[in-house]
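As they're listed, the protein sequences go chains A and B.
Quick note, the first sequence lines up with residues 1 to 104 if you use the working numbering.
Quick note, the second sequence lines up with residues 1 to 221 if you use the working numbering.
Quick caveat, the hints were computed from the structure, so don't treat them as lab data.
As the structure is a computational prediction, the values presented were derived from the model and not from experiment.
There could be a bad hint or two in this list.
Said to hold, decoys possible - Short derived list, chain A residues pointing at chain B, Cβ under 7 Å:
{"no.": "1", "residue": "Phe21"}
{"no.": "2", "residue": "Leu22"}
{"no.": "3", "residue": "Ala31"}
{"no.": "4", "residue": "Ile35"}
{"no.": "5", "residue": "Phe43"}
{"no.": "6", "residue": "Ala46"}
{"no.": "7", "residue": "Phe57"}
{"no.": "8", "residue": "Val60"}
Glycine included, each C-beta is placed from N, C-alpha and C at the ideal position.
Read off the chains here:
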Amino acid sequence: MSTEQHAHHPTPAQYWKIAAFLAAVTAIEVAMFYIDRELGLGFLNAAILILLSAVKFIVVVGWFMHVRFEKPIINRFFAAGFVLACSLYLVVLAALGVVVIRGG
Amino acid sequence: MSDLAASSAGADEVAVAGATAPEPHHDEHESTGIENRKLGMWVFLSSEFLFFGALITNYLLYSNRGGFEGTYPSEIYDIPFTSVSSFVLLMSSLTMVLAHNALSRHDQNGARTWLFATAALGSVFLGGQVFEFYEFIDVYGMTLSTNPAASAFYVLTGFHGAHVAIGVIMLLSLWGISRRQSGLSEKHGLNLELVGLYWHFVDIIWIVIFTVVYLLSVPPS
Numbered sequence: 001m002s003t004e005q006h007a008h009h010p011t012p013a014q015y016w017k018i019a020a021f022l023a024a025v026t027a028i029e030v031a032m033f034y035i036d037r038e039l040g041l042g043f044l045n046a047a048i049l050i051l052l053s054a055v056k057f058i059v060v061v062g063w064f065m066h067v068r069f070e071k072p073i074i075n076r077f078f079a080a081g082f083v084l085a086c087s088l089y090l091v092v093l094a095a096l097g098v099v100v101i102r103g104g
Numbered sequence: 001m002s003d004l005a006a007s008s009a010g011a012d013e014v015a016v017a018g019a020t021a022p023e024p025h026h027d028e029h030e031s032t033g034i035e036n037r038k039l040g041m042w043v044f045l046s047s048e049f050l051f052f053g054a055l056i057t058n059y060l061l062y063s064n065r066g067g068f069e070g071t072y073p074s075e076i077y078d079i080p081f082t083s084v085s086s087f088v089l090l091m092s093s094l095t096m097v098l099a100h101n102a103l104s105r106h107d108q109n110g111a112r113t114w115l116f117a118t119a120a121l122g123s124v125f126l127g128g129q130v131f132e133f134y135e136f137i138d139v140y141g142m143t144l145s146t147n148p149a150a151s152a153f154y155v156l157t158g159f160h161g162a163h164v165a166i167g168v169i170m171l172l173s174l175w176g177i178s179r180r181q182s183g184l185s186e187k188h189g190l191n192l193e194l195v196g197l198y199w200h201f202v203d204i205i206w207i208v209i210f211t212v213v214y215l216l217s218v219p220p221s
């Protein structure tokens, strides 16, 4: 990786802030698990948890794996594998009659 | 082009052009402008989505399918314990990126320290998984063959754990090289970047597993 590319990378202090954000999102996820047990949020809980994990996923891939700062071809390779896997297995789950997200 | 082929081509050029021939170039770039090994790692990680996708799909198919005897994983998850494990693995991604950052600033001591911290956090996560498996088997009697849900759970989390173990071995290898050679060379710097990509990937797979398998667990119907 060239020095020019590194120039755009976050600083160690920014990495700590990103990690604190990820830890906070994880804490919210765990809190949602217990809130759902008490209130039975059902589909809303599932939607929020999937959204929160998607946020963590994007932050780790974008900032820690530096996809945001890499050449677009890397982004495309990685996204292609992810989209292919999601599409394929969602079709499999749908074909076998499995409801991925279940209401409470 | 492989290193061998590059060396061979370089030798031919020396024979033809004498002292003006370019020095052999070890950082191989194809038309993408990215090191071959780095591009290879990204393609490998991309293919790993299909591997783990199959295991997660398998778990979703069987996790709450009733009609089988024995304990189901969703009945015995210890969410507080797994939450701490998840936090540990998440923080290991921080230490990994700090190791990479330190090396890019030529801070060899910092890189070595953060590498060791990453391996240590990975080992803590693995220890947690071994404890969880031990508890499930010894206390609740849920083995690999208890029911399809248990099998799917152990295969999914077991393969993820195996990936973490391989990552820890690679991290400790780099740490050992850094200690022996008083720092990582440019070549090993790329290795650290590749191991870092692998490590972050293992982390994002756990982000998905933690949500789908643990937090969205549904009791057997």
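**Message:** Quick check on the hint: Ala31/A CB to chain B CB, less than 7 Å?
**Reply:** Result: violated, 10 Å to nearest chain B Cβ.
**Asked** Was the hint right that Ile35/A lines chain B, CB cutoff 7 Å?
**Response** violated, 11 Å
**Prompt:** For the hint on Phe43/A, does the least C-beta distance to chain B fall short of 7 Å?
**Reply:** With a minimum Cβ separation of about 11 Å from chain B (threshold 7 Å), the hint on Phe43/A is violated.
**Request:** May I ask you to test the interface hint for Ala46/A with respect to chain B, counting a Cβ-Cβ separation under 7 Å as satisfied?
**Result:** holds, 6 Å
**Item:** Hint check: 7 Å Cβ-Cβ cutoff, Phe21/A to chain B
**Value:** violated, 11 Å
**Asked** Is the shortest C-beta separation between Val60/A and chain B less than 7 Å?
**Response** holds, 5 Å
**Residue hint Leu22/A, partner chain B, criterion CB-CB below 7 Å** = Interface hint status for Leu22/A: holds (5 Å vs cutoff 7 Å).
**Prompt:** When the nearest CB of chain B is found for Phe57/A, is that gap smaller than 7 Å?
**Reply:** holds, 5 Å
The structure shown violates the earlier hints numbered 1, 3, 4 and 5.
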